[in-house]
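All chains should be modelled from the sequences, with the hints used to inform the complete structure.
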Amino acid sequence: MYSDLLNALPEVFGLANFLAVIIGVIAGIVVGAMPGLSATMAISVLVPFTFGLEPLVALGLMAGIYNGAMYGGAIPAVLLRIPGTPAAVATTFDGYPMAQRGEGGFALQVAVVSSSIGGIASAFALMLLAPPLSKVTLLFGPAEVFWVAVFGLASIIFLLGGSPVKGLISACFGVFVSVIGSDPIFGSDRFTFNQLELLDGISIVILLVGLYALPPVIDLLETPLKTGVSEDKLGTEPIWKALPRMKGFWKTWIRGSLIGIWIGILPGAGGSMAAFMSYNEARRASKHPERWGEGEPEGVAAAETANNADTASALIPALTLGIPGTAVAAVMLGGLLVHGLQPGPMLFRDNPDVVFGFMWQFLFGAILLVLLGGSLATNSFARLLNLPRPLLGSIIIVLMLIGVYSIHGRMFDVYLMLGFGAVGWVMDKLKFPLPPVVLGLILGAFAEENLRLALRIGRGDWGVLFRNTTSLVLVALTIAVIVGPGLKKRILDARKARTAD
Amino acid sequence: MLKLIQKGALAGAMILAAGAALAEYPEKPIEVVVGYSAGGGTDVMARTAAPFIEKYLGGGASLVVKNVPGASGQIGVTEVAGAKPDGYTIGTFNLPGMMARTIDREAGYDRDSFTYLANVVNDPNVIVTSKDSGLDTMEKLIAAAKADPGAITVGMSSLGGDDHFALIKLEGLTETEFTIVPFKGSAPARTALMGGHVAMGILNISEVASFQDELNLLGVATEERSDFAPDLPTFREQGIDLINGSMRGFVAPAGLPEDVVAKLDGAFEQMAGDPEFLKAMADTANPVEVVTGDDFKQLTSDLYDLANKVWQETPWN
Chain A
94 MYSDLLNALP
104 EVFGLANFLA
114 VIIGVIAGIV
124 VGAMPGLSAT
134 MAISVLVPFT
144 FGLEPLVALG
154 LMAGIYNGAM
164 YGGAIPAVLL
174 RIPGTPAAVA
184 TTFDGYPMAQ
194 RGEGGFALQV
204 AVVSSSIGGI
214 ASAFALMLLA
224 PPLSKVTLLF
234 GPAEVFWVAV
244 FGLASIIFLL
254 GGSPVKGLIS
264 ACFGVFVSVI
274 GSDPIFGSDR
284 FTFNQLELLD
294 GISIVILLVG
304 LYALPPVIDL
314 LETPLKTGVS
324 EDKLGTEPIW
334 KALPRMKGFW
344 KTWIRGSLIG
354 IWIGILPGAG
364 GSMAAFMSYN
374 EARRASKHPE
384 RWGEGEPEGV
394 AAAETANNAD
404 TASALIPALT
414 LGIPGTAVAA
424 VMLGGLLVHG
434 LQPGPMLFRD
444 NPDVVFGFMW
454 QFLFGAILLV
464 LLGGSLATNS
474 FARLLNLPRP
484 LLGSIIIVLM
494 LIGVYSIHGR
504 MFDVYLMLGF
514 GAVGWVMDKL
524 KFPLPPVVLG
534 LILGAFAEEN
544 LRLALRIGRG
554 DWGVLFRNTT
564 SLVLVALTIA
574 VIVGPGLKKR
584 ILDARKARTA
594 D
Chain B
5 MLKLIQKGAL
15 AGAMILAAGA
25 ALAEYPEKPI
35 EVVVGYSAGG
45 GTDVMARTAA
55 PFIEKYLGGG
65 ASLVVKNVPG
75 ASGQIGVTEV
85 AGAKPDGYTI
95 GTFNLPGMMA
105 RTIDREAGYD
115 RDSFTYLANV
125 VNDPNVIVTS
135 KDSGLDTMEK
145 LIAAAKADPG
155 AITVGMSSLG
165 GDDHFALIKL
175 EGLTETEFTI
185 VPFKGSAPAR
195 TALMGGHVAM
205 GILNISEVAS
215 FQDELNLLGV
225 ATEERSDFAP
235 DLPTFREQGI
245 DLINGSMRGF
255 VAPAGLPEDV
265 VAKLDGAFEQ
275 MAGDPEFLKA
285 MADTANPVEV
295 VTGDDFKQLT
305 SDLYDLANKV
315 WQETPWN
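So the protein lines, in turn, are chains A and B.
Every position in the first sequence, counted from 1, becomes a number in this note's numbering once 93 is added.
Every position in the second sequence, counted from 1, becomes a number in this note's numbering once 4 is added.
Hint data in this document are derived by calculation from the structure and do not stem from the laboratory.
There could be a bad hint or two in this list.
[Said to hold, decoys possible] Just some of the chain A residues that point at chain B, by a computed CB distance under 7 angstroms: (1) 231; (2) 278; (3) 289; (4) 292; (5) 293; (6) 546; (7) 550; (8) 553.
[Unchecked claim] Mimicking DSSO-like on lysine-lysine, the simulated pairs with C-alpha atoms at most 30 angstroms apart in a straight line are: (9) 135/B x 228/A; (10) 582/A x 522/A; (11) 228/A x 188/B; (12) 581/A x 259/A; (13) 144/B x 228/A; (14) 344/A x 380/A; (15) 59/B x 283/B; (16) 70/B x 267/B; (17) 524/A x 582/A.
Glycine included, C-beta positions come from ideal geometry on N, C-alpha and C.
Written as C-alpha cells, this is what we have:
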C-alpha cells in the first residue's frame, strides 16, 4: 500500500507540478496576509480556473495555498493585531506584544517555522492514516454514513463556538439549499421552478464563492484600513540565526501538532479551535504562565503549529468517506471531484499517483513555507499590507465573476452566486456563522440520501439505523457533542459556586 | 439601371447559394455536444471516436467536443434537439436513460426530435452479489428471492436507467421480487456491495470487470460472452433470457439533409471496422457495438416502448 506512495513521488517533481506548489504557497501567504481573505475564499475562487489544468498542477496549487494562507494569517496578526484569517486569532495574543517590543521579525520567524512543522506533521498524518482508513470505510453503509453526516452537522453547530442557535439556523439554511434540485432517489424536481439549471442542485462552488468571497470583499471596500507598517517593528535577522532561540519549543511543537491533527480529523471544528486549544494547553504546561499574553514567543509557536497541523488531516474524512469536516476541506473535495477523483476505498486503487502525489504536495508545501516565507520574504509580505484595498477588491470581484461563469458557461450561476453573496453579507453582519451553511449543504444531502437508502435496505424498519456497533458509536458521539458543552458549563458553574461558598 | 444592379445582385446571390450547396459537407467544424462533464464514460467515448470520424469524413473535417453537463445529460441532449439541422451540431445519446426521461418528467424533446446516427457502445448489465451474501450462483440467488420476496436488496446506479430495466426484466422472467436501492451512480453502489450493505447489484460490465476478486459475478446480459470477462457465463447459458445494457451513441437534430446523413453514417460504419478504434475503446473499457441509421432508430423506439410499459406498470416516482 505504501509503495504507491513512493511511486507517486517522481511525478510530483515534474516542473509544472512543483512550480504549482511554489506559486500556491506564495499566493497563499499573500491571501492569508490580507485581513478578511481566507484560504477557503482563495481556493473557492481558484477551483473553476483549474478545470483545464492537469490534476497535480491544480491540486498542487490548492495544497500550496492552504499551507501558505494558514501562515500568512500570522503576518497582520503580529504586526497589526488583525488576524489575517480566523485561525490566526490566537497568534495575536503574544505576537502583537512581541512586535510592540520590536521583535516582530522574530515573532514571524517563530510563526513560519511552527507553521511549517505543523504542516509537515499533518501531511505525514494524512499519508499514513488515509490509506488504511479508506479500507475501513467499507464498514460504512448508508446507515453509518447517515450518522456520520448527523454527527458532522451536530459538531459544526455546537462546537464552532458562538451561539448554537445561530449555528443551527445557518445549518438549516444550508440543508434547505441541499434539497433544491432532483430528488436523490426518484429524480423528481424539488424547488426548481422549471429551471433546467437547478435540476442538478446548487453547486457547492457557487455557494462557496458567494458566501466566502463576496462579504469580505465588500468589507475590504467599506473600511479603509490603516496599514502603515514601520520597519523598526520588524527587527529582522536571518532565519538560521533565529533558529537556535527556538530550540526549547519542541514540546509545544509536538503538542500543537497532535492537537491540530486531531481537531482536523473531527468534523466541524477547524483551525481556530485547534489554535486556541494548543495555546491553552501550552500555557498550562509552561513554567512561567504569567508571561503569556505579554509577548511570549512560545505562545506564537503553539497557535501557529496547531492551525497548520489541521490542514492535511482535515482531508482524511474527506478522502476516505467523501465527507468533508471543514469548509476548506469541502472546497478541496470539490477540486478533487472536478478532476475525476472519487473519494472512498477506490480512490487509492484507481488514482494512486494523483492522490499520493497530492499528499506529497502538501508535505512539500509545508517545507517550502520556511524557505519562501522564512528569511527575506517576510519583509516583503509585510509590505503587502500597504496595497490599495479598492484595487484588490475589484480584482477579486472580477476573478469571482469569471470563475463562476466558467463552471458551466451560464450567467444563471453568476446571478445565483451574487444572490448567495448578498445572503452571506447579511449573515456576516448579523454574526451568523458561515461554515454551517456549507456543511449543511453537503452533509444535509448526505444525510437525506443515506437515510432513505438505509430505510429501503431495512424495508421501512427504522431499527436498521441502530443495528450495528459503528452506528451506535456514532450516535453516542453525536449525543456527546450536543449535551457535552452544556454539561461542562454546568459542572464548572457548580464548582465555581462551591468555591465561592 | 437600378433594376439591372438588383438583378445582378440577385443572380450573384443565387450563384453564391448554389456554390454553398455544392460545397462538400463538412466545410466548418462540427460541434459534438456531450451531456456530461469531461472524463465521464460518455465523454471518453465522444473524445475517442472524434478523431476517427474526422478521418472517415475526410477533407480536413474537424470535430469539436463541447461539454454541456447537467441533469443526467438532459441539458445537453435538449440543446441538440433544438439545434439547427445542418450537420454542424451532433450530440451524444444514452439509452435507455434519454428515453426514460421523456416518460418520468417533462422533457424538452421526444423520440422524434432526432436523426439517429449511430449507437457506438453497448455496455451489458452484469448481476453481482457481495461476498458475504453467500449467493454465488444465479440458482441460489433466485431461490433466495423466491423464499422471501423483497428480502434481497439490489444496489444500482439510479431508477429509470438500464440497471433498473434489467431488474424489471429479471423479475418478470423469474417471477421474483427484489428491493431496489438506487444509489447516486455506480461507484457508491459498488462500494456498498463490497461492504456487504446490499446483497445484490446490477451494474455494467465495464464497471465490475476488474472487481472479480471482491464481488461474485453471476452472469452477463448479452447473447455471447463478453471479451471483458470471458469466463463469465451469459444469462442465456443459465436458462434466463435476459439481454440488457447501457448504450451510448450519437444523434443529430431531426430533419438533417439526406446527403449529410449518408456521409455521417458512412463515417460511423467505417469507424466500426477500424481496429485502431476498437483497441482505443477496449483500452477505455468501452464494449463497442455499432448500430447505425434506421436500426438505431428502431432500437431507441423499442427501448422507449419497454420503458413506457414499465412506467405504466410500476412507475418509479
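Here's how the hints hold up against the structure:
Interface restraint check for residue 231/A: the shortest CB-CB distance to chain B comes to about 4 angstroms, inside 7 angstroms, so the restraint holds. Checking residue 278/A against chain B: minimum C-beta separation of about 6 angstroms stays under 7 angstroms; hint holds. Restraint check, residue 289/A versus chain B: the minimum CB separation of about 6 angstroms is within 7 angstroms; hint holds. Among the interface hints, the one on residue 292/A holds; its C-beta lies about 4 angstroms from the nearest C-beta in chain B, closer than the 7 angstroms criterion.
Contact between residue 293/A and chain B, as hinted, is supported at the beta carbon level, the nearest pair being about 5 angstroms apart and thus within 7 angstroms. Interface hint status for residue 546/A: upheld, as the beta-carbon distance to the closest one in chain B is roughly 6 angstroms, under 7 angstroms. Annotation: residue 550/A was flagged as interfacial toward chain B, and the flag holds, the nearest CB pair being 5 angstroms apart, inside 7 angstroms. Among the interface hints, the one on residue 553/A is violated; its C-beta lies about 10 angstroms from the nearest C-beta in chain B, farther than the 7 angstroms criterion.
Using a Cα cut-off of 30 angstroms, the hinted pair residue 135/B and residue 228/A holds, with the two alpha carbons roughly 16 angstroms apart. At most 30 angstroms may separate the alpha-carbon atoms for a hinted pair to count; residue 582/A and residue 522/A meet this at roughly 28 angstroms. The straight-line distance between the Cα atoms of residue 228/A and residue 188/B is roughly 21 angstroms, inside the 30 angstroms bound, and the hint therefore holds. Using a Cα cut-off of 30 angstroms, the hinted pair residue 581/A and residue 259/A holds, with the two alpha carbons roughly 20 angstroms apart.
Only pairs whose Cα atoms come within 30 angstroms are accepted, and residue 144/B paired with residue 228/A is accepted, the gap being roughly 29 angstroms. A distance of roughly 13 angstroms separates the Cα atoms of residue 344/A and residue 380/A; the hinted pair therefore holds under the 30 angstroms criterion. Taking the CA atoms of residue 59/B and residue 283/B, the gap is about 16 angstroms. The hint holds against a cut of 30 angstroms. Restraint check for residue 70/B and residue 267/B: satisfied, since their Cα atoms lie roughly 22 angstroms apart, inside the 30 angstroms limit.
Under the criterion of a C-alpha separation no larger than 30 angstroms, the hint pairing residue 524/A with residue 582/A is consistent with the structure, at around 23 angstroms.
The structure is inconsistent with hint 8 alone, although it conforms to all the rest.
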